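Participant: Assembling the complex is the task here: the two chains are given apart, and the hints tell you how they should meet.
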Amino acid sequence: MAVGYSRSISRKLTVMNMLVSAAALLLACAAFFAYDQITFRQSLVRTLSAQAQIIGANSISALIFNDPQSATNTLSALKSFPNIASAGIITSDQRPFAQYSRDAGDEVLNIPAPPDGRLEAYWFRATHLVLVHSIVFQGKTLGFVYLRADLHELDQRLKRYAAIAFVVLLLSLLAALIVSALFRRSVAEPIVQLAEVARAVSQDNNYSVRAAPTAAQDEIALLIDAFNNMLQQIQHRDNALQAAHDELEERVEERTRELVSSNRELEAFSYSVSHDLRGPLEVMNGFSYVLLKSYANQLDSSGKECLQSIRAAARRMSELIDDLLNLSRVTTSVMHREEIDLSSYARAIMEELCRTAPERNVEFVAPIEVKAYADARLVQIVMQNLLENAWKYTSHHDRARIEFGFEDKDGRMICFVKDDGSGFDPRSTDRLFQPFNRLHTSAEFPGNGIGLATVRRIIQRHGGEVWAEGAVEKGATFHFILEPNRGTEAGRPV
Amino acid sequence: MGRDLGARAISRYLVFLLFLSLFGAQTSHAQQTHPTESQVKAAYLYNFGKFVTWTGTNAGSSASFDICVLGKDPFGVVLDSTVAGGNIGEKRVTAKKISSLQESDHCRIVFISSSEQARLKAILAAAKAGGTLTVSDIPHFADKGGMIEFVPQENRIRFEVNLPATEEAGLTLSSELLKVATRVIGKTGN
Numbered sequence: 001m002a003v004g005y006s007r008s009i010s011r012k013l014t015v016m017n018m019l020v021s022a023a024a025l026l027l028a029c030a031a032f033f034a035y036d037q038i039t040f041r042q043s044l045v046r047t048l049s050a051q052a053q054i055i056g057a058n059s060i061s062a063l064i065f066n067d068p069q070s071a072t073n074t075l076s077a078l079k080s081f082p083n084i085a086s087a088g089i090i091t092s093d094q095r096p097f098a099q100y101s102r103d104a105g106d107e108v109l110n111i112p113a114p115p116d117g118r119l120e121a122y123w124f125r126a127t128h129l130v131l132v133h134s135i136v137f138q139g140k141t142l143g144f145v146y147l148r149a150d151l152h153e154l155d156q157r158l159k160r161y162a163a164i165a166f167v168v169l170l171l172s173l174l175a176a177l178i179v180s181a182l183f184r185r186s187v188a189e190p191i192v193q194l195a196e197v198a199r200a201v202s203q204d205n206n207y208s209v210r211a212a213p214t215a216a217q218d219e220i221a222l223l224i225d226a227f228n229n230m231l232q233q234i235q236h237r238d239n240a241l242q243a244a245h246d247e248l249e250e251r252v253e254e255r256t257r258e259l260v261s262s263n264r265e266l267e268a269f270s271y272s273v274s275h276d277l278r279g280p281l282e283v284m285n286g287f288s289y290v291l292l293k294s295y296a297n298q299l300d301s302s303g304k305e306c307l308q309s310i311r312a313a314a315r316r317m318s319e320l321i322d323d324l325l326n327l328s329r330v331t332t333s334v335m336h337r338e339e340i341d342l343s344s345y346a347r348a349i350m351e352e353l354c355r356t357a358p359e360r361n362v363e364f365v366a367p368i369e370v371k372a373y374a375d376a377r378l379v380q381i382v383m384q385n386l387l388e389n390a391w392k393y394t395s396h397h398d399r400a401r402i403e404f405g406f407e408d409k410d411g412r413m414i415c416f417v418k419d420d421g422s423g424f425d426p427r428s429t430d431r432l433f434q435p436f437n438r439l440h441t442s443a444e445f446p447g448n449g450i451g452l453a454t455v456r457r458i459i460q461r462h463g464g465e466v467w468a469e470g471a472v473e474k475g476a477t478f479h480f481i482l483e484p485n486r487g488t489e490a491g492r493p494v
Numbered sequence: 001m002g003r004d005l006g007a008r009a010i011s012r013y014l015v016f017l018l019f020l021s022l023f024g025a026q027t028s029h030a031q032q033t034h035p036t037e038s039q040v041k042a043a044y045l046y047n048f049g050k051f052v053t054w055t056g057t058n059a060g061s062s063a064s065f066d067i068c069v070l071g072k073d074p075f076g077v078v079l080d081s082t083v084a085g086g087n088i089g090e091k092r093v094t095a096k097k098i099s100s101l102q103e104s105d106h107c108r109i110v111f112i113s114s115s116e117q118a119r120l121k122a123i124l125a126a127a128k129a130g131g132t133l134t135v136s137d138i139p140h141f142a143d144k145g146g147m148i149e150f151v152p153q154e155n156r157i158r159f160e161v162n163l164p165a166t167e168e169a170g171l172t173l174s175s176e177l178l179k180v181a182t183r184v185i186g187k188t189g190n
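Protein chains in written order, with the numbering used here: chain G, 1 to 494; chain D, 1 to 190.
Incorrect hints may appear among the rest.
Said to hold, decoys possible - Far from chain D by the CB rule (all over 12 Å, computed), these chain G residues:
1. D67
2. A314
3. E407
To be verified - Chain D residues, not near chain G, derived (Cβ > 12 Å throughout):
4. V40
5. T53
6. T55
7. K72
8. G131
9. G145
10. K179
11. I185
As the list claims (entries may be wrong) - Quick list of in silico lysine to any residue cross-link-like pairs, SDA-like style, CA-CA up to 25 Å:
12. D:K187 / G:N73
13. G:K304 / D:H34
14. D:K179 / G:Q53
15. D:K179 / G:Q69
16. D:K50 / G:I54
17. G:K392 / G:F445
18. G:K159 / G:L25
19. G:K140 / D:S38
20. G:K140 / D:G49
21. G:K140 / D:S174
22. D:K179 / G:R125
23. D:K179 / G:S101
24. G:K140 / D:K187
25. D:K179 / G:I54
26. G:K474 / G:A376
27. G:K12 / D:K50
28. D:K179 / G:P96
29. G:K140 / D:T53
30. D:K179 / G:Q51
If you're looking for bench data, these hints aren't it; they were derived computationally from the structure. It should be emphasised that the depicted structure is a prediction, and the values quoted were computed from it without experimental measurement. Backbone N, C-alpha and C define an ideal beta-carbon position, used for all residues, glycine too.
If we strip away everything but chain D, and leave its shape as in the complex, we get (with noise of 0.2 Å):
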């Protein structure tokens, strides 16, 4: 699959505005045309509720639409002002940090802290039970049983989706979801 012209036209144009946010002057714009990677992944955890129809047990019995952060949170308060005012559906979507997965049921999506590569089994266990999309940046996280994965690519936040994972906690993807992802583990075809 190789990329045509205009693809490499914008990967240059993204890395000549990278440089310039790194080396150049901090301005509020600059911040604003070239995002930072956490606003990005904050970005992607809200509006993979978005394209994810929740139809676990918890669907529905929450008045909001629960952001969670497990562990160390990387995002501080990125993660709180994009979802500032958002909606998905009727429910307002609120960032919530989390210690465990029994602390809130409520849980649409939780990001998965790398601090917490070593309890991943028991936390996937449960957000299975719970019917909540688990995202995280721990490497191999879709290999190993985990929903999205951040992958870092050509200077850019891709992810990866494991299917299976997502229909076993009762989570439809929608393909929109699935034509961006990079790898979908799972996929008929693929």
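Same shape as in the complex, but just chain G (with noise of 0.2 Å):
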């Protein structure tokens, strides 16, 4: 490519010398050779002139003495001249009197009508050049005598021309073809360089590369100056651009490991809470059972209440631990995803659910299939956590419906989980996937607050989002996306 551009520069340097050099040369010729034509035309005429001006003078005596043979031989003089084709005299009665051709048999027929009043008349034909010339003696005119020269010489003065010409042409081309190499050196050689280091900036991304700069302090230098300066700004700012994306990461990075370090430290502390509290509280739970069932006898019905107390917080101890681990294992366990169906799960449940109070009256609505490409244990636990929120805040109710569905926006599956339940404060929207943040009493409606950052931390993990609609006893809806905002993606809702 850049080959054939340096080509074409130099190649239209090189036609343009040459057109303007032969131009000018063909020009210079014609202007040449068009005033030598009519200096020649003119000294021709001056000479033929002077020739019949002779001619006449010597044909004076010829033509008073009526002696055309004297007169034949003054014009057969004119054999020294090989231009003059033919020649005559005529009497000034239009009478032939004397003829001369320089072929035999080339008789001229036609003698021209000799000009009135004037002394001399010429007349330029395609071959010939005709002159008459009146032949005055002491103010008489006794005749005319005319002469017809060839103008062989004008065609032959023009192929030499013409061959000159040709000759000059040939070496003024030649001259500007080595010109033009010089100046291919100062004028097209830059640029073709230039245009070699601009395709490999454009190429290759290669900013570091120069354009070698020229002696001349010509618009070119310019160019590769300002072309050579383009690009160290470039560098420059590319530079900068990286050191900058440099220094994003590794503080990135920093704050990365410091989080991860110190959620870690949080999990483990967490974990190892959890884990701890749960031995005593076994031993709690052991001996309270112990002593309801080995000195149930023994105790009074106050004393067995208290115990049941003890019994039920303990349990509700347990849950909260289970719970806050199931989050910690949420956050920290490895993430499988396939393909599997939310709509048998959210069935499974709801089944599960309705054979624990059998006496509710609750309407279930679900699809017959909404597929998702998510990991099936995590899921499993969203779908826990939100249908029982709506099983559990639907219970004040005597009649109750819970809805399960999907819906298509812009190319996304937004999936949801609708009741008709107690609702929420719009203004509290915020502080609903919180953990240990409740909106409600546990005498209203039991729970420890961690199932929905629990559902926030799983949609969080695939890369999806979760939001709440809702209002006080209109209902709650709670909308989740499964997929990384990523256009299409396997497990969409056929």
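Facilitator: Given below as structure tokens:
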């Protein structure tokens, strides 16, 4: 490519030089030739006029004493002028008096009319010049002499000129070639080099190359300087950008490291706390059970109630610890995505819930199949939490409706769990997903405030989103997206 | 010295014109285009003056340029009409009829009529002394010491020149004149 460019520019220079010199030369040749033609014709007329005058002067006595022989002898002197094809003398009353013709048989038939009132006249014909000159003796016109010269010499001159012009043209074209070769070094080469550098820059994105500067102080040098400056600026900017990028990366990595370590510490701490809390709790639970079984007859009813309360509290604490451990596990466990059917999960969970409270009148609606590409165990936890919440917060109503479904928005599948239960104050939406944050008292609705926090963790781990809509006594809807935002992905609903 | 085709064509043309003038209509146009013998001779007499230089005794002494006819005049009014209004040099040309050269010293050119053949020697001697150009159509006039002799040739009037005779009389003839003469006596190389 670059070679083609370089050829084209030097060829253009060469062609330009040659055209200019050829045009100038041809014009000059044409001008010279025209000038030569004019001067040659003028000199031809002058020569012919002089010859006519001499012949005229020498033919006076022949005309006066009516001696055509003498005039013919005079005319025959024209033999020494090969360009004169024919000549003749005519008397003042238009009679032919004497004739001469260079080539035998070349009779001059048409004698041109003598000029009226003029001493001399001439006509240029296609191949001939005819000149007529009056023979005047002592104020009296005795007759006319005419000469007919052919213009072969003009043709010969034209041919000679053409030959010379051709040779000079060749020489000047050669000179133009040499000159353009010299100019190529000073004009085309720097441009070609610049083009080569520009190509290297645009193709290889290599901004470290520089165009070689020229010694000349012309526009090309300016162009090269400007180009090099531009490259330098781009390089500086690149470096600055890279430095900023590197710094940012480093900072992010540092932060991530810090976060990971503190997270790990926190998880280790909460795990150990939960685990260690379990032991004493089991002891409490076990001994309170033994106390209730073995010493039931020694305890009165209020003592038994106290024991029951202790046991309930211990159970709640155990559940809380389980949930905390779950939350911790959700954060640390390894993700394994696969194709799953959310609808079947929802149905199984609802069946289980209905079995625990068969007296409740709850309508459950779900599509036949809702396919997703996600971690089965974690999504099971999400569905469990959301449906249990719906079940729980509709428990104060005689009739309830719980719906699981999905909608397609801009190519992303948004799943939702909707109920017509107690709902929540929309102003508290932000607090919903924070751990241990409850909008209702335990007396109202049992719970420990870990469920939605767990849901959010899982959804976040899937790269998705979760949000809630609702109003007091108007029910609540929890929306979630399980996929990262990147257009098409396996597990989309059909 | 062979004549070329052009000259022959002109001769034939002239013969044709002569034929026309003899047997055809005697129109003024025909007379103009084909002059008579005496007209030609008169014109020659007049034109000789233009090609001769007089250095003799009577040169310049007269106010006019006299062309004299000695003896029986063959021209009539033709010579008068030919020279009428003509000038040679600065001088008016006049035609005179004379009976002897002694009558007028101012004759530049004298035409000796054939009637004077008997007195030729004396006339020539007188003319030579007076520096007068002698012209005649007497046969062998030039050979007999005359200066210019009219000779008919191919229906045309030509003339012969006796160069020594002119030189002896102090006359210089132009080479142009000699060029058209049919014969030049005494010319070197002739």
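Participant: Taking the hints in turn, state whether each one holds.
Facilitator: Quick rundown of the hints versus the structure:
1. D67: violated (4 Å)
2. A314: holds (164 Å)
3. E407: holds (127 Å)
4. V40: violated (8 Å)
5. T53: Holds: least Cβ distance 15 Å, greater than 12 Å.
6. T55: Holds, since 20 Å exceeds 12 Å.
7. K72: K72 of chain D is indeed farther than 12 Å from all Cβ atoms of chain G, at 25 Å.
8. G131: The assertion about G131 of chain D holds, with a minimum of 22 Å to chain G.
9. G145: holds (22 Å)
10. K179: violated (5 Å)
11. I185: Its Cβ never comes within 12 Å of chain G, the nearest being 17 Å, so this holds.
12. D:K187 / G:N73: holds (19 Å)
13. G:K304 / D:H34: violated (188 Å)
14. D:K179 / G:Q53: Holds, at roughly 18 Å.
15. D:K179 / G:Q69: Roughly 10 Å between the alpha carbons, so the hint for K179 of chain D and Q69 of chain G holds.
16. D:K50 / G:I54: holds (19 Å)
17. G:K392 / G:F445: holds (7 Å)
18. G:K159 / G:L25: Within the cut-off at roughly 17 Å; holds.
19. G:K140 / D:S38: Status holds; Cα separation ~22 Å.
20. G:K140 / D:G49: holds (15 Å)
21. G:K140 / D:S174: holds (19 Å)
22. D:K179 / G:R125: violated (35 Å)
23. D:K179 / G:S101: This hinted pair holds, its Cα atoms lying about 22 Å apart.
24. G:K140 / D:K187: Given that 25 Å is the threshold and the Cα spacing comes to 30 Å, the pair is violated.
25. D:K179 / G:I54: The hint holds at about 15 Å.
26. G:K474 / G:A376: Cα-Cα ~31 Å, so violated.
27. G:K12 / D:K50: violated (79 Å)
28. D:K179 / G:P96: At roughly 20 Å apart (the allowed maximum being 25 Å), P96 of chain G and K179 of chain D satisfy the hint.
29. G:K140 / D:T53: This hinted pair holds, its Cα atoms lying about 20 Å apart.
30. D:K179 / G:Q51: Given pair K179 of chain D, Q51 of chain G holds - Cα atoms ~19 Å apart, limit 25 Å.
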